[in-house]
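**Student:** For reference, the chains in residue letters:
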Amino acid sequence: MTAEAARAAATGAGPQLDLSVDLGRGLVLPNPIGVASGTFGYGFEFAQLIDIQRLGCIWTKGTTLHALAGNAPPRVAETAGGMLNSIGLQNPGVEHVAAVYAPQFAAWRVPVVVNVAAGEIGDYVAVVRRLDGVPGVAGIELNISCPNIAHGLDFGRDPTAAARVVEAVRAVTALALTVKLSPNVTDIAGVAAAVEAAGADAVSAVNTYVGMKVHLGIRAPVLPRGTGGLSGPAIKPLALAAVAAVRGAVSIPVVGVGGIRSAEDALEFFVAGADAVQVGTANFADPGAAIGVLDGVVAYANRQGLRRLTELRWRTALS
Amino acid sequence: MTLAALPQSDLARARGERGAVTGMERLRGGIVELTVRLPHLAAHARPGEFAQLRCAPGIVPLLRRPMSVAWVEEDRCGFVFEVVGEGTARLAALHPGDELDVLGPLGVGFTLPPPGTSLLCVSGGLGCAPFPLLGRRALEAGADRVVVLNGAATAERLYPAARFARGDARVEVREATDDGTRGHHGRVTELVLAALRDGPSVLAACGPNPMLAALASVLEQTGDGRLPFVCEASLEAPMGCGFGTCLGCALPVRARRDDVDPAWALCCRDGPVMAVERVDWAALRALPSAAVA
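So the sequence lines, in the order shown, correspond to chains H and U.
Residue numbers for the first sequence follow this note's numbering, so the first one is 1 and each next one is one higher.
Residue numbers for the second sequence follow this note's numbering, so the first one is 1001 and each next one is one higher.
For reference, chain H alone in the conformation it holds in the complex:
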């Protein structure tokens, strides 16, 4: 059996269905269903609960130059059809990820893309430089838009600032570079076009929306910092609109993310213009959510006689 046939057998794809997704510079996902940064840790908990090897990709927790302890609790608050989080990028720092976690990633078949966050360009560069060439690190996803850290610029809100980060990082890595876009902007398509021009191999859309939950009893927001990042099914229509807008502005692959919990949700993102998707918050309520999405997408594609999921794409570009 060829490697490709083995992969097809593992995903249940029919003979004519090609699920692979090329995110650039040698990063080829075996299938387009992955898991979103911040909802899957570094994969170690889920490896005990589900068959992570069937996933198309693991996008890790946001990783910074130095370890971060995270924000004071409460850090999560449930909302109608969604949740707010203000974790504050708690992570062990890039050295720990590169030295201790990456050797584990290297033993997995599933590609692991490390999500990288920072407050300044120099730190982005330092983190990516440390990860470049490390076995087990399949690519980089740049988080230019975490709403929950106080210091530094929010690079994701401005096309010029976003491009500067991408250019600086591009110069120090040969790894596939995906840029995760902030939806908290007036023109997400403009930011997408700017990061493509600066050397991004792909974009993912979208990160969480800034939101607030208020508790009338304490006459204050539930989260101590006031706002947090909204995720979950509540944001799916917003994320679909963002993906369609981004699709119309770039020619690089678009990874769709926002409120996906079923195969139907994922298929809608392919219609809107995604090349791959990330299952996020749904992993918390159902650790098997992403596997269920994969099985459902493959069954649909086989029923429909699709050769590639991009055949689902809506042809009218939004821009």
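These are calculated hints, taken from the structure and not from any lab test.
Warning: the hint list may mix true and false statements.
Stated by the list, open to error - Which residues of chain U face chain H? A partial, calculated answer using Cβ under 8 Å:
| id | residue |
| --- | --- |
| 1 | VAL1060 |
| 2 | LEU1063 |
| 3 | ALA1250 |
| 4 | TRP1264 |
Said to hold, decoys possible - Label pairs and their in silico Cβ distance ranges:
| id | chain 1 | residue 1 | chain 2 | residue 2 | range |
| --- | --- | --- | --- | --- | --- |
| 5 | H | PRO237 | U | LEU1193 | 57 to 65 Å |
| 6 | H | LEU238 | U | ASP1168 | 51 to 59 Å |
| 7 | U | GLU1025 | H | ASP22 | 56 to 64 Å |
Every residue gets a Cβ at the ideal spot worked out from N, C-alpha and C, and that includes glycine.
Since the structure of chain H is already known, use the hints to place chain U on it.
**Tutor:** Chain U alone, transformed into the frame defined by chain H:
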């Protein structure tokens, strides 16, 4: 660096399972006791560990609700709670025959007392939940006696004493109510010093975080020489996943767990049961109550 530096969630016994509701009882004071046929959880849950209960098939509520396994009989598990919001309202509306989707067991439970020694449980309100199972397992493991100090706002809101004992005469329940309608008139923590004179080897506490903080003060004032060898508390925090991934349920701890988690422990992964001396009670007191989220 070693593999010990990898995240430490032990999920080897955790499994998703669906089971039929076999009992739904509404006790006085708004206490609900739910019984579900869950063979895996029943066979594997240790006292103080919890399960994540799916409240509804749709997207409201989106997240599961963590519940201690209150007791186990054959292949059935009991859960004890009160309706505080949308999730618990959905759970309280279940009927026998309905299916419930459960993930567990999760978290770290209580230490069992060595054979021939006694166990002291301190319960505040719905903090009663883990103690029927803990008492049973402690006696099975050779403990000679279990004393439960059970406190609540009113007599009506006390979990019934017979439900802690579940027919075992070696379980003694002493009650306290804030309004004096039953037992000691005052806080349950006021019963602790007298109970410590019996020389329990393990003290296990569960209740609202402020009650646990008050207990920690009592224990601090008592002094090390007169304390049980093990003092543990089961804490609460708003949870996203329940298995150590989302990092949402942070609790302040005194000692560094390792260089990866300098200030916080996770309620779901490092708890819910933690050594009393490990928790930073002053910092915990300063936080909004878990009920806010």
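**Student:** Give a verdict on every hint.
**Tutor:** Tested hints:
1. VAL1060: holds (6 Å)
2. LEU1063: holds (5 Å)
3. ALA1250: Hint on U:ALA1250: holds, closest Cβ of chain H at ~5 Å, below 8 Å.
4. TRP1264: Since the shortest Cβ distance to chain H is 6 Å, the answer is holds.
5. H:PRO237 <-> U:LEU1193: 57 to 65 Å: holds (59 Å)
6. H:LEU238 <-> U:ASP1168: 51 to 59 Å: holds (56 Å)
7. U:GLU1025 <-> H:ASP22: 56 to 64 Å: holds (58 Å)
The structure agrees with every numbered hint stated previously.
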